[in-house]
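Novice: Sequence:
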Amino acid sequence: LYYEAMKKDLSKSIRKIGAFLGINLSENEISEICKKTSFSEMKTNVDKEKNDPNHTVCALTTNKKLIFRKGTVGDWKQYFT
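Residue numbers are given in full-length UniProt numbering: position 60 of the sequence shown equals residue 60, and the series is strictly consecutive.
Any given hint could turn out to be false.
[As the list claims (entries may be wrong)] Derived DSBU-like pairs (lysine-lysine); straight-line CA-CA distance at most 30 angstroms:
#1 K43 to K7
#2 K12 to K77
#3 K43 to K77
#4 K7 to K77
[What the hints assert, rightly or not] Ranges of calculated distance between the beta carbons of each label pair, as one might list FRET restraints:
#5 N28 to Q78: 32 to 42 angstroms
#6 Y79 to S26: 17 to 27 angstroms
#7 N24 to Y79: 35 to 45 angstroms
Don't read these hints as lab results, they were simulated from the structure. From the three backbone atoms N, C-alpha and C, an ideal C-beta is built for every residue, glycine too.
Generate the whole structure from the sequences, applying the supplied hints.
Specialist: Here's what the structure looks like:
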């Protein structure tokens, strides 16, 4: 599973993950997963996470800050050489 492949065809990647886990997903479930795992949707959950003492929305870094970069393919090259 590659980030580039998920960006290119997220629903196909979701199907692969479901198959690996032995879960048969309907088209409606795949559509809902695609929506909820989109970069823009996850960024909107930042405020929810700040108010969630159990941190069930997003994983936090050790200094209690969420990490979101641009969400674009190849952006890592700006940070790593």
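Novice: Decide, hint by hint, whether the structure agrees.
Specialist: Now for the hints, and whether the structure bears them out:
The hinted pair formed by K43 and K7 meets the criterion: a straight-line CA distance of about 16 angstroms does not exceed 30 angstroms. For the suggested pair K12 and K77, the alpha carbons sit about 26 angstroms apart, so the restraint of at most 30 angstroms is met. This hinted pair checks out: K43 and K77 have alpha carbons roughly 22 angstroms apart, not beyond 30 angstroms. For the given pair, K7 sits about 17 angstroms from K77 by alpha-carbon distance, which is consistent with the 30 angstroms threshold.
At about 37 angstroms, the beta-carbon gap between N28 and Q78 stays in the expected band of 32 to 42 angstroms. The given range of 17 to 27 angstroms is broken by Y79 and S26, whose C-beta atoms sit roughly 38 angstroms from each other. A hinted range of 35 to 45 angstroms for the beta carbons of N24 and Y79 is consistent with their spacing of about 38 angstroms.
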